[in-house]
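**Student:** Note that the protein sequences, when read in sequence, are chains A and B.
To convert, note that position 21 of the first sequence is 21 in the working numbering; the numbers rise steadily by one, no gaps.
To convert, note that position 4 of the second sequence is 4 in the working numbering; the numbers rise steadily by one, no gaps.
Just so you know, these hints were derived from the structure itself, not from any lab.
There's no promise every hint is true.
Said to hold, decoys possible - Have a look at the derived ranges for each label pair, beta carbon to beta carbon:
no.: 1; chain 1: A; residue 1: A279; chain 2: B; residue 2: W70; range: 50 to 58 Å
no.: 2; chain 1: A; residue 1: P147; chain 2: B; residue 2: G85; range: 29 to 37 Å
no.: 3; chain 1: B; residue 1: R6; chain 2: A; residue 2: L282; range: 42 to 50 Å
no.: 4; chain 1: A; residue 1: A135; chain 2: B; residue 2: P166; range: 40 to 48 Å
no.: 5; chain 1: B; residue 1: V27; chain 2: A; residue 2: E229; range: 30 to 38 Å
no.: 6; chain 1: A; residue 1: A185; chain 2: B; residue 2: A78; range: 21 to 29 Å
no.: 7; chain 1: B; residue 1: V86; chain 2: A; residue 2: P147; range: 45 to 53 Å
no.: 8; chain 1: B; residue 1: P158; chain 2: A; residue 2: P143; range: 40 to 48 Å
no.: 9; chain 1: A; residue 1: A21; chain 2: B; residue 2: V86; range: 49 to 57 Å
no.: 10; chain 1: A; residue 1: E229; chain 2: B; residue 2: S30; range: 21 to 29 Å
no.: 11; chain 1: B; residue 1: I150; chain 2: A; residue 2: A135; range: 46 to 54 Å
no.: 12; chain 1: A; residue 1: I48; chain 2: B; residue 2: R168; range: 43 to 51 Å
Said to hold, decoys possible - Okay, the calculated bits of chain A under chain B, using three or more residues with CB under 8 Å as the criterion:
no.: 13; region: 20–29
no.: 14; region: 198–208
Quick caveat: nothing in here was measured; it's all calculated off a predicted structure.
Don't be surprised by glycine CBs; every beta carbon is placed ideally from N, CA and C.
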Amino acid sequence: MSAGLARAMVPTPPAPDVSRATLLALAKADARRYARHPLFVLPCVLLIVLMIVDYVQNKGGGTNPMVATMTIAFLLGVFGFVIAHRLTTSLRRTRELVGTVPVDHQARTLSLCLACLVSGMAGAACAVHMLIVNALWPPQGIPPSAPVTWFGDYPAVDVLATLILMGPLAALGGPLLGVAVARWAPFRGSALLGVVVLVVATAIPASDDRGGAERLASAWPVLMDEHVENGKVLSTTFVASIEPVWALGWVLCLCGLAVVAALLRDPAHRRVLVIAGAALTLGAAVSFALALS
Amino acid sequence: MNWRSRTPWPVVTTAVGTCSLVLVVAVLPSADAVLPLVGRIAELALAGSAAYLIDDAAVALTAVAPRGTWRRRAPTLAAGAALLGVGWVAVLLMATSRDLLRPPTAVSGELVVLATVAVAAAATLARRGDPEPGVRVAPGLVLLGVSLLILESVLRRPLLVPWNGPARAGLLLAWAGVGLLALVIALWASRDPVGRSRPMRPPCRRR
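Please construct the entire structure, taking both the sequences and the accompanying hints into account.
**Tutor:** Structural data, given as structure tokens:
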């Protein structure tokens, strides 16, 4: 029998049914790889040092209590993009080794997406630190009657939504985007281009001085404005035209869409994924519209 | 002698991608506010992409060829440098057309230093056995550059050569020092394992 005929007669094995336990075991292993990556360890060390400095100097957020979210978003979100991209493309580089694991590529992608929660949790820890520090040394505008983007001057829901959106969710979204980009564009140079596009696409809407709706057209919407005089920040206010709670919904839907996009690279469960993607797109559109209304 | 170079595709995609990005931003109504930052990111990306020029996926085979490391790398480095030069000139043209970059010489020098740093880091990783160090070094350099940008806004002191005015002599000297150090590291990391500088002679024929 010829080799070609033999190949034709052997049916293609269906994608193995991955149990929840297997997926969790894989996700734990990937989370460990993520947590040990130098580009995660280094920012974490830096963030811990900054936290200690806050306590030593008895310093809260000052006139801009949300300023630390920029550090979180950059050190955990943008760095996380590169880590997740690298971990995902490593599946291609070690194809022989990956082939020995009895799970399909989609399950590996899902486990990588779950591993990104490591970054999200680190972001959440930083957000909790911000809450503690600002409770110990409350932020104040100059003069004290000037508003700051914190509890007391603004509704608690708005403050919490902004804090989650610009901190932990940014730390989660960056790596998720990294997985999606690596699955669809695994060529050399895609990580570099991805970082450039991510930074630029965030910087352009954030630089809108009028504080308009353009701010929301970003994966990391900057929802507050600094009021500066002689190079010193005197007070901070939320962008009036954007509703933080719905902006949170918008970014949550974007994170979900990144997961769906990453999983759609493989043919399995396409129908469910397309439905989930459509629902998330609708959710994102509704959240965007409501955030601006 | 064969001097054909491999096409450094990551450098091509980076040059095309960053130039397109700068072009798109340059036509935006709020370009004046963002273009310096985007130009800076383009500079970092172009410099970082120089690391891909050291990549050699088949290093296990090419390293045993009777040709020195620099002789193997030179054609690709030359082609890549030309591509990066073209990309940078395009970025400069777009930035200077809007009067956003006043002394292009100093910033161009900074690009050369950053590219040397990228090559030095990639050559060091390649020496330690990584066949494709570019995938690690290139995004790393952009992250480092953006970190410096954030740090200089916190310290209120220029760490990178400013785009909108002359740089202090001390800063230029520091960058020159970094460039020199990177060059020394690149040369040290790229020396041949057995210290050969000439191609090996073919074995003598026995009569």
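**Student:** Hint by hint, note whether the structure agrees.
**Tutor:** Hint check results:
no., hint, result
1, A:A279 / B:W70: 50 to 58 Å, "holds, 57 Å"
2, A:P147 / B:G85: 29 to 37 Å, "violated, 50 Å"
3, B:R6 / A:L282: 42 to 50 Å, "holds, 47 Å"
4, A:A135 / B:P166: 40 to 48 Å, "holds, 46 Å"
5, B:V27 / A:E229: 30 to 38 Å, "holds, 33 Å"
6, A:A185 / B:A78: 21 to 29 Å, "holds, 28 Å"
7, B:V86 / A:P147: 45 to 53 Å, "holds, 50 Å"
8, B:P158 / A:P143: 40 to 48 Å, "violated, 32 Å"
9, A:A21 / B:V86: 49 to 57 Å, "holds, 54 Å"
10, A:E229 / B:S30: 21 to 29 Å, "holds, 23 Å"
11, B:I150 / A:A135: 46 to 54 Å, "violated, 26 Å"
12, A:I48 / B:R168: 43 to 51 Å, "violated, 33 Å"
13, 20–29, "violated (count 0)"
14, 198–208, "holds (count 6)"
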